[in-house]
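Same order as they appear, the protein sequences are chains A and B.
The first sequence begins at 123 in the numbering used here and counts up by one.
The second sequence begins at 554 in the numbering used here and counts up by one.
There may be inaccurate statements among the hints.
Claimed, not checked - Distance condition first, Cα-Cα at most 27 Å in a straight line; then the derived DSSO-like pairs of lysine-lysine: (1) B/Lys601 <-> A/Lys957; (2) A/Lys485 <-> A/Lys440; (3) B/Lys619 <-> A/Lys448; (4) B/Lys619 <-> A/Lys294; (5) B/Lys619 <-> A/Lys1195.
Unchecked claim - In silico contact screen, one side only, chain A against chain B (beta carbon under 8 Å); selected entries: (6) Val228; (7) Glu238; (8) Gly918; (9) Leu1023.
Unchecked claim - Stretches of chain B that chain A covers, calculated by requiring three or more beta carbons in the stretch to come under 8 Å of a beta carbon on chain A: (10) 597-604; (11) 612-620.
Note that these hints are calculated values from the structure, not bench results.
Quick caveat: nothing in here was measured; it's all calculated off a predicted structure.
Where is the CB? At the ideal position from N, CA and C, for every residue including glycine.
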Amino acid sequence: MAPTATSTKWSTDFDTARRQRLFRAPPKDNTAYPSLAAAVDPHINSFNAIFGPGGQLDLGVKDIGIKTFLDGDPYATEILPRNRLQIRIQDIFLDKPALPPSNKHVLGDRRILPAECRERHCTYRGKLKARIEYRINNGDWIEHVRELGNAPIMLSSNRCHLEKMTPDELVKAKEESEELGGYFIVNGIEKLIRMLLVNRRNYPMAIKRGAFTNRGPGYTPFGIVIRSVRPDQTSQTNALHYLNDGNVNLRFSWRKAEYLVPVMMVLNALVETNDREVFEGIVGAAGSKGLEEKQFVTDRVELLLRTYKVYGLHSKAKTRAYLGEKFRVILQVPDDMSDEDAGTEFLKRIVLPHLGSPNVTEKEDADKFRMLLFMIRKLYSLVEGECAVDNPDTVQNQEVLLGGQLYGMILKEKLDEWLSSIRLPLQEWLRKHDWEPFTSQQFQNEFLGKILRRTNENIGQALEYFLSTGNLVSSTGLDLSQTAGFTVVAEKINFFRFISHFRMVHRGAFFAQLKTTAVRKLLPESWGFLDPVHTPDGGPCGLLNHLAHVCKISTHTVDVSAIPKLVAELGVSSNSSALLDQSVVVQLDGRVLGFCTPKQARVISDTLRYWKVEGTHGVPLELEIGYVPNSNGGQYPGVYMFSQQARFYRPVKYLPLGKLDYVGPFEQPFMAIACTDPEIESGYSTHVEYDPTNILSIVANQTPFSDFNQSPRNMYQCQMGKQTMGTPGTALRYRTDNKAYRIQSGQTPIVRPPLYNEYGLDNFPQGTNAVVAVISYTAYDLDDAMIINKSAHERGFGHGTIYKTKICDLEEGTRRNRSRNVTRLFGFAEGGLVKGQWRKTIDDDGFPRVGAELRNGDVLAAWTTVVLDPATGEYKNNDGVTNFFKYKEDEVAFIEEVRILGSETGNDPCQKISVKLRIPRSPVIGDKFSSRHGQKGVASQKWPAVDMPFSESGIQPDVIINPHAFPSRMTIGMFVESLAGKAGALHGIAQDSTPFRFDENNTAVDYFGHQLMKAGYAYHGSEPMYSGITGQELAADIYIGCVYYQRLRHMVNDKYQVRTTGPINQLTGQPIKGRKKGGGIRVGEMERDALLAHGTAFLLQDRLMNCSDYCKAAVCRACGSFLSTQPTVAEFDRKKRGSNVVRCRRCAVRAEAAADRSQVWADARGDRYVGGEDVAVVAVPGVLRYLDVELASMGVRLKFNVEP
Amino acid sequence: MSTYTTAGAQQQQQQQSSMAHDASSSTDERARFVEYSCGDCDAPVSLKRGEPIRCRSCGHRVLYKKRTHRMVQFEAR
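When you get a sec, could you build the whole thing from the sequences and use the hints?
As structure tokens, this is what we get:
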């Protein structure tokens, strides 16, 4: 019998047997959870798009083009013809991770799998190579392959061994059966590049920003900004600024510097044009309707044309030469390039490079010309008030910068820099070799070996640095507003946390500092793209959003070659009319296709959409057709189509065909999409949502009955779901996370949506179904505390474990020298004393024993210094001293695993071990728990089962919570879950908790109430209960049911802080801060005020003095000084010892020889004094004396009046 | 407890030295082999101090320490 394909259809059911089968025999064909894999698709696909023919880097390398260097002595008097060295990159290869050739010990499988990188705390990377070609003058291209270091590789990408592995193979490769990939492993830590929101590409946005006036006199807040994206995904922002007098300047940034150019100059340089063409392009064709109404625009265009005359540039060639002359330095073009060619280069690289780059022909220049004219048109329209500003903070005008794209951009820039950096070693070589020409044999012999080798070729290291720190080191800034914080650690605290990282989009670090909150606003445009609920509260609120679970991100360009022709057939012409209600623009990816009437525009968008869904006429389904209708001062109208990468899009049903359509955020605000079937308006609605829950993220969808809850509670649950102690994975054995949490008694929730199974969340359980009674029973549940049934605790309710990995690295701190001499080895010193205490935790080899118990101060590993004995070739210890790595934490831990780590080459002795410790954490009073409704609480008592209340059927609650938790929070969803959970447990069924399934006519309470009735329980979920202490029936019926409880990772054992005495600050004598260092908690101003107000003077004294910097100080009553008192030293005492007798040196006088011996005292130098006896010892804060000293150093004396 | 451990260690050392009685005792004491298991193929790997870390059969670079053979006893509370 042929094995049937693994089914990917899931329902709400428990499917216990099916899951068990999946665990016992992971599928050998495909994953059972394709939705889960699809969640990280944007990351993986964007990485896959980097390499290979036609990939991002291929295009990037074409954009870098040919670098030209010239020889010849720059100081030579006579000018000789100079030789040209040209160099270009042909190809970039990135190999899959493999052992280096220096490892001679492995013959078969030379792959390095990700699991090994996690275990060895190294980077999952492959060899990066470049095929370069160079030629001298016009000779033949000479090919050569250079190695550029090792570049980190994204897991499950097309450069990873895990790509296309089946669950069965993944398990054999020591991964999760549903390993998603999408992240990198850098130094054993899982890192991912988070998605960043950036401005929508190739769409000219109307912006009004006060900061624009800072550009100089005459600048107004009005501007048109376009983020023009080259095919290699690097972008160049062009902005048009409106000046007071009606002039327009083009602004751009190049290598972090800003430049402004009159837009007329750029227009004239792009094409051979004349004033009439420009005028008609901006205002509208001569003779078109309504021209006389456009007085505002005609005036300004006239001025635009007139003011440009001062430059006196009259042809395309001359204008280009003028621009070239100005910009050749910043463009770094070779010296022998003509000004006109430099001008062409300027237009190609900087002006609207999304059109045609890197091969710009006359056709593309004409496109750029028309686009610029359109932008000027929109600018004047904005100033005139004809159209509104575009909001850069809505998703409508945004797209996503994906990790792979950023990776490719950095790689391209580093390659560009590398090629340019050849200049320096070249100059150096020329200078040393007496300006030998490039044509000489010596140069050709030495170019590769000596010159190219002196450049920094380790590009892989630069990428690794980027991923490990998240810092962008860039000469161009990559057109981004931030330089740090691009990467985050993909923490595997639990699965919600982990998967959320991949669905997270950040607005940018720049916006986090912004005082205004406009960027954080939840806007209706983000419906269906960003989850409205799943954002953290506090600092990153509204800046850090999560994608709705069905929202996709495009990662490749779709084929739109048929569109221009179709549009032309539908009546688009190149001529525009003066008025917006006469003609609107039709654009495709920032290219003006033409103009048509608003009526036609509507027809075009409707027709194209029909074809797009139908799949005919070569209109791709992923195309976004943004039809902006004419309005009274609204968004600038037109049809804007987008086909490229980085767009959001989401599935909805297209009603005319009843088929799937993808909708993007640009088009969505102008479409009629019904939310549910009953809401469809005939003749108006064109689309309908597949499911209203599609707007929620994966995590927000797991909140049961979230439509019953007050919305902030759902936000809190999204936060707390990610802080739950859960099951990070099944391959825990092969992971070496710094800290991992694990719950021992995870269960599948009784109440869950079908999406729970679809995303395979049963593989990572995060809580326990608990019987919860809502009752005020013991008074230990005041203020959000909860009582746990002691028997439930003993049965393992919420029992968890923390795994910590400690790395003992002998090379840490020592500068790694090139010879790689081993100076330290694990083990005990030869012939040295070995204490029995050490041997309790360490074996003969100096490594810890697996299974041993560790307490604070116990030794973890032993090592000695060694030198190589040349006679035997063995390492010997000479000093006989054994050093230790120690366990320094307070909690008892057990050694779970010990890994002995070798090097990649397999030749080196052990320098590093990785020890995994297990810390058992059974729930204790003070640990935090929560239900799935933002109802968190702290365990306050483990109540004996005999004293717990019980129901008529003898059921005792596992957890008791206080009824006061509900009225103000209004988490009705929790009541419904309790009801549903009870009914589900009684009938043995899983309950569907998808929100928006019930309504007023058929309520959830009724549905589950009837189920309860069928099982013989009360309809309302409340039951009569009996006191566990007296056995009497309680006066009220108690609401009791089954709720899924999560244990949060905040535990008292990580938080408690207490001290009376302990470490103090050296200077002030006050307690230091910090729990880790055994410091205190500050009694601050407000705490002091409270103590004062209570009149608790003794407590105040205790806090501020006795437990802080209490000190006894001698003060002179006579002169009131702390500083002049000193202890006397008796003649025959040991020097500087001092006695108990303290005298004031200031009030004393030198003793004369004849002085009375009983009056005389001596200081440590033996000088003798008389007087200064009026000294008292007082208790003062230590800082007071310090203050006295500080003031004394500035010549200020403190005088204390001591009484009585 | 600590006295017991030292005694046990000494016993082991005595056993070792009696087994390799012909070599000089001080170097031999440390030249003991400790057995680990390979992180990839699970084969036993015995290593001496200062030897390169790799599996003899598959060349894998991560070795696991085996669980101690000594009795592990904790006070249960």
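To see whether the hints hold, each was checked on the structure:
no.	hint	result
1	B/Lys601 <-> A/Lys957	holds (22 Å)
2	A/Lys485 <-> A/Lys440	holds (20 Å)
3	B/Lys619 <-> A/Lys448	violated (72 Å)
4	B/Lys619 <-> A/Lys294	holds (21 Å)
5	B/Lys619 <-> A/Lys1195	violated (41 Å)
6	Val228	holds (4 Å)
7	Glu238	holds (6 Å)
8	Gly918	violated (16 Å)
9	Leu1023	holds (6 Å)
10	597-604	holds (count 4)
11	612-620	holds (count 9)
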